[in-house]
Each structure stands twice: as structure tokens, then as C-alpha cells.
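As they're listed, the protein sequences go chains A and B. Here the first sequence is numbered in the working numbering, starting from 20 and rising by one per residue. Here the second sequence is numbered in the working numbering, starting from 36 and rising by one per residue.
Do not rely on the hints blindly, as some may be mistaken.
[Said to hold, decoys possible] Pairwise CB distance ranges, derived in the manner of DEER restraints:
1. Asn166/B - Leu158/A: 44 to 52 Å
2. Glu132/B - Gly154/A: 46 to 54 Å
3. Met156/B - Pro77/A: 51 to 59 Å
4. Gly143/B - Arg176/A: 38 to 46 Å
Hints in this document: simulated from the structure, not taken from any laboratory. The beta carbon of each residue, even a glycine, is placed where N, CA and C say it ideally should be.
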Amino acid sequence: MQVILDSKAIAVLLEKLADEIIKAAPPQTPLALIGIRSRGEIIAQRLQKIIQSRLNQPVDQGTLDITLYRDDLNQPRHHQPNVRPTEIDFDIDDRLIVLVDDVLNTGRSARAALDALIDYGRPLAIRLAVLVDRGQRELPISADYIGKVVEAPKNQRVNVYLNEVDNREEVVLE
Amino acid sequence: MPYRDTEKIAPNPADRSPERKFTWRRKHLLNLRELSREELLHVLDTAEGFKEISRRSIKKAPALRGKVVVNLFFEDSTRTRNSFTLAASRLSADVLEFTAKSSSISKGETLRDTARNLEAMGIDIVVVRHNAGGAPHFLTKCIDASVINAGDGYHEHPTQGLLDIFTIRELRGEISGLKVAIVGDIAHSRVARSNIWGLHTLGAEVYLVGPPTLMPAAVKELPVKVCYDFDSIISDMDVVNMLRIQFERIGSQVIPSVREYSRLFGLTVDRMKRAKKDVIVMHPGPLNRGLEIESEVADGPNSTILRQVTNGLAVRMAVLFLVNQAATTLPSPQSETNP
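One chain only, chain B, in its complex shape:
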């Protein structure tokens, strides 16, 4: 199972009908919770179309030529931000980088003012990452541009959820019926939440695994099964998505030590022996080698970690393209959303 290759393993579900037509109506992408099954599949199918741009010699298409995309990042992030920058550039858009540290935010400007000032310069899409859940939704009320959520507090990280699901679908063909475990600090994970909603809508069975101290209190309202004993379910899982443990939490009451966490919830070589031979191993990055995942596993044949990064580019191109289509071609695109 050479999952590190960039080859596709499963037959492409998008091939099923060349005439299948779907109209994307959302000018914003704030969460995966609201997306219908058809909408999710449409993003994935569209991303499929974008994946091959990155494989040719001129890695550009003119679809967003003349459009301005702003990366409005109030939280540090090189990975996601670079991914969006490259995705926008591949579509020939102009990209503005706005990071909180080197900006007027440090001078006390409000989110609303920042966004409106940018909009006054003429921007089309804002990609926003903020430590307050709901900030992207708030932005949609202040400005006319399209808003894409690149991670808001503990709420959602929709493009990460989409690229994770895209990766699974690329390797398995169908999401429905798969058993997917998400392991780690669930309470503080927007990646987990987006995955939960997207996977659930597409019919997968989601298992949340981690220490009780890191399970969100409201977990019973989520469409998941909760498990505090990784070993008891690992042999049943088709996919294991390991979340990053934040070092700041080590040594606190929630995670007494690296060794204890790794022993109970880390994806070790030993644990992998109990898993299915073709289990898909995922991680949103960056890795804490030896903590939530052992090096040998992260670099092993079941790992799709690098593939996820490649797919992230295609998924983000698809999202940029689709929200722009809705915003510019529909007489009344859907802009009302629930937070």
C-alpha cells in the first residue's frame, strides 16, 4: 500500500457521469457542518479537476485572473497560509498577505475596520484565520467579499476537513461505511470538528479517541462514538487521523507526560501491528515525532501525510474557484449562514 505515491488508487468517482451538473451557490465557506452531501461531493469532484494543474509544467490556469485574494491571518500559520497563497497564485489571482503581527492590528485596529479598509482597495476573497470562533461569520456581515474560513478558534477548519476527506476518497473511492478514528486533543481541535461533520454527512462512522480530559464536554451532541482506549478499536479502523498535541498542554493536569500520552494514545509501531494492513494514517501537521505518532509510522507505507499536503492545494483551489463562481455569476448567491 504505497500511499505516499501521488498515484490515485481507487477509481475516480467523478468519472461516473461527464454530464453531471451542479450549481454551487455559496459565496462563503465557513464550515462543513452546513454543507449537504451534494455540496461536499461537488467540492471534492472539483478539487479532482484542480489536482492535475500541479503536475504539469506550467502550473497555472487563468480562472481567477484579475481577482484579489487576501490572506487575513490573525494566528500564526505558515502551512495553511502558504497553501492558500499558492492555490490562489495557481489560479492567477493576486494575493495580499496580511499577518497580525506586522499590521495595524498591533496598533489596535478592530477586525471590522481592518476588513473594510482592505475591501476599500477592492478585494474579492478574504481567507481568514482567527482565534475567535465565529470571526469569519462576523466578517461576512461587514464586507461584501467572499469569506473563506482558514480556522476559527476551536470551531472549524473546513478546508482541512475537505482535504482529509478528499485524501480518504482518493484511496478508497467511497466514504460511506468507513470507520474513521480521530485521535488526540479533540476539545481544542477545529480540524476534528470539520472532519466530524464532513465525514458524518458522507456516511462514515467517526470514532473520537483521546484522554477524557481532552474530550469536549458537548461530545454527546456530536454524531460520533467516543472511546478512551485506543487499543480496543484500532483493529477495526479504516482510517486513523492523528491530531497534534500542543506542547503547552504537556505537564499540565490534562497530559501528565509525553511518555504517558504516547503510550496510551500515540500511533506507535506496536499499535500499527494491531491495525488493518491497509489502514490509512493521517495527520494534519506539523508532526510531533515520538509524541502522537512515531517516526517510523509517519514515514511508513500507510502514511498519507504528504499526500494530504498535495491535496490541500487542490482543495483550496477548488474552494477559491467555487466561491468566486457563486459570487460573480449568480444573481443572488447564498450568503446567509449559520455560525
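So here's chain A without its partners, still in its complex pose:
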């Protein structure tokens, strides 16, 4: 196991992501963050705090559960994904939605998130923000805001651990 980012590095990257998101959104844009469950949700919540304090105004934040939109629901698997409620308590029509996830890998989660989101309404635009982009795409998907690009061999996973759920804070290669 190799630690790629420690807690300080993660914090720095989140600030960087927040800055990029703010810069790319013209003033008066109705911006909203939607985290892809489960760690995307936590990152989205943290980004919300940072962006709110920078802009000095509230920013809507929601959570998207993509379980029902996965393309592998009927494949044999080691574990079953558990369905949890999606929590988006604002209208997404005509909003600039920034989808937030921890790792961008094959692109399948992002694809599922796009399909899920479109069933909720018609956003002005959807952008993707990820803490880590580790490549190995299987679909033509790319992120708009990337914390860090990580090169890793295919047989290794990039795992993000966050205090809120894992009691540790680091990004590792294992």
C-alpha cells in the first residue's frame, strides 16, 4: 500500500477544486453541488463549505445514489450495492450542477450519475469534479475539475479514505 495523498494534501486539493469551480461559474450562476454516494457526498459537503465561505452566499448541495443506474446490476459480483435514497431537495432545472466524486476511473459511475440526474430534471449544464483522476477509462468521459491525476497500474486500486466514514484521511494505492 502506498500513500499518494495525506490529509494535508487532500485539504489543499479541495481548496484548489473549490477555486476552479468558482472561477468557471460566471457571477449570478445558480450553482449547485451534487455528490455521488458515498464518498462523493462527503467531498461535496466539504466543497460546499469552502465555496460558501468564499462567495459569502449559500450553495445548494445534494446527494445522488446511482445504484439503480449502474450498468452491472445483473453481473455476478462480490458484494451487492445497497440502495439508499437520493437527497436532492432543490429543483435542478436550469442550474449549473457540479457532480462530485472521489475517484474517476472507468467513467461508468459518472455515466450512471448523468443518467440518474437527467431523470430529475434538465440542468443548465452538468460538470464533473473529482478528487483523483486515475485514468483507465472505459467510456468517453472526462472530468472538468481534477484535484490530482494519478498514474497507476491497472491491477491497483486508488482508494480514498475520509475521516467522516473511515476514521482516517488519506488517498492510497493498493
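The hints should help you fit chain B onto chain A, whose structure is shown.
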């Protein structure tokens, strides 16, 4: 206590851990009696996830896309059947409706042949309602598809039990320790049985209330307390679930008259005065207003009757989803069951 709102009142128990993982292993759902505490909670948590689909503008998710669900209903039922049809459609499944009257059954085809013929067309899940207890279990031996029991004779009606329990949990957070009264024709109620098993496994205290003529003979083997005097316990109850009285039984020896039944066991406005202020009033429907429940109570603030219907949809989506997951993703899903 505005229980008719679709808002959730109690904190969502599913929020307790985003990482909680559980593997559902059953490819059939035939009863609640066999379900462990963890299995019951998993269905409820999963249903929580499905509830919000019905609140958005596109009320569909692709989870069962390409799957075929057959409603095999040998007994009349619009409510349960429509609920399953809508639940399957919300998950993008294709639904086949098979009702006994307009079918080959009336031409004398056996249950086994009917099911196997349907299976030959390629079906994934069979939702079956039959007047013979054990019919769903029998079906699991004839076909490969998943079987969901939508009510078999007097035996069980597991999805009704689940939606009742889901409703209670939504409003109270915890089932354990609650006092729940089930009132009415217990002997002929599969709804009562499913509720009894599910509630008992989750730690509730179940009280069966009704005339002795409508208590099943084997009631002493059930994990319940039996009471023939509704008034003596109503003030202690957290939940009161009123079962439907069948009109055919009125005027027989078991229920001499509507007035007598209503006076002794009906949920009247008067009786409600003796109940807890926030008592949850439930009924599986359809209502016999004025018989087992007074209109004012059925439409009153303690009533969760419409909420039960909404929850029924979410629970059935969860069950369809879970049995399908077990059937398609596990190398050896659990298909052995006890009748």
C-alpha cells in the same frame, strides 16, 4: 400529528451508516416468518431508497430494465395487483397481467402448467396471489423464476406486513418495544400473520384483539397476547391496525350484527379518546366505513392509511429489486424455503 403528510417524522434509521453492507440472498419472498432481523431491516432500508423515486418528475429507474414480471393473480385484487404493476413499471420492467377469470385457469389448466407455460416465454419474477396457502411455495418447486407471495390463503401477505412495518418505522424510528394491536378477523387474516412475524422479529409487542369466534385456534402458538376486550388495552397501544371485516361473515354466528361488532371492536371516535394522542391508526384497505373503523377516524390526523399505500409502492419496488439481485448476481441464491 399530521400522519397524512408524506413527510418523514422520525430520523431515518438508514442514515446510521453509509457504509453498511448487507447481501440479500433470497430469490423468493414467500413469508416474513423466516426473515431474520437483518433481512427485515435491509428490505426496509432499501425501500427507503425507493420511496423518493415516486416524488420526482420522471418516476422511473432502469434497475429492472428488460426483466419480465408476471402478476399471477388467482384471487381478485385491484389494490395489490396495481401496486405491484406500478412498482415493476417504475423499475422499467415489463409487466404481464394474468388474472384467473380471463385465463386458461377457467379452462381447467393447473397452477403448475400455467406457471411453466409462462416461464417458457421467458419470465424473471412471478408475483402470485392464490387462495391456497402454500401455493407460492409450491410454485418455487415448479419454475426457475423468482416467486413473490402477494397473499396465499390465510397464510401470509409478506409485502403488506413489510409496508405496515415500514410505515410504523417511518413515524417512530424503532419498532422494538412498541405495542401494536391488530384488531379484527384474525383467523382469516394473512395480513395479521405477516405483521405478527415481522413485528415480533423486530421486537414489538403484538396484541391480537377480536371476538373469540374470529381468533385462530392455534393462537397460543403465536408470539402474541390475545385480548377480547378492545377497551381494556387501547390506552396502552402505540399502533392500532384495523383489519377489514368481510361482509359475508356478518349475520353469521361469528358476527351477529354490524352494530355489535362496531360497538365492541370498531375503532370509533369514542374509543380514540381513550387512546394515546399520537397513536398510529392503520388499515390495509379497503375500508368498511362505520364497521371496523369510523369515517372520522379513518380520515383523521392519526390515520396513516394513505401513507401505507404510498409506502406499499416503495416496499414492493424494494422486494422486486432485491429478489432479482439475488437471482442474477449470486452464484447460489437461497431458494430453499420452509412453507
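Checked hints:
1. Asn166/B - Leu158/A: 44 to 52 Å: About 50 Å separates the Cβ atoms of Asn166/B and Leu158/A, which means 44 to 52 Å holds.
2. Glu132/B - Gly154/A: 46 to 54 Å: 49 Å, holds
3. Met156/B - Pro77/A: 51 to 59 Å: 54 Å, holds
4. Gly143/B - Arg176/A: 38 to 46 Å: 59 Å, violated
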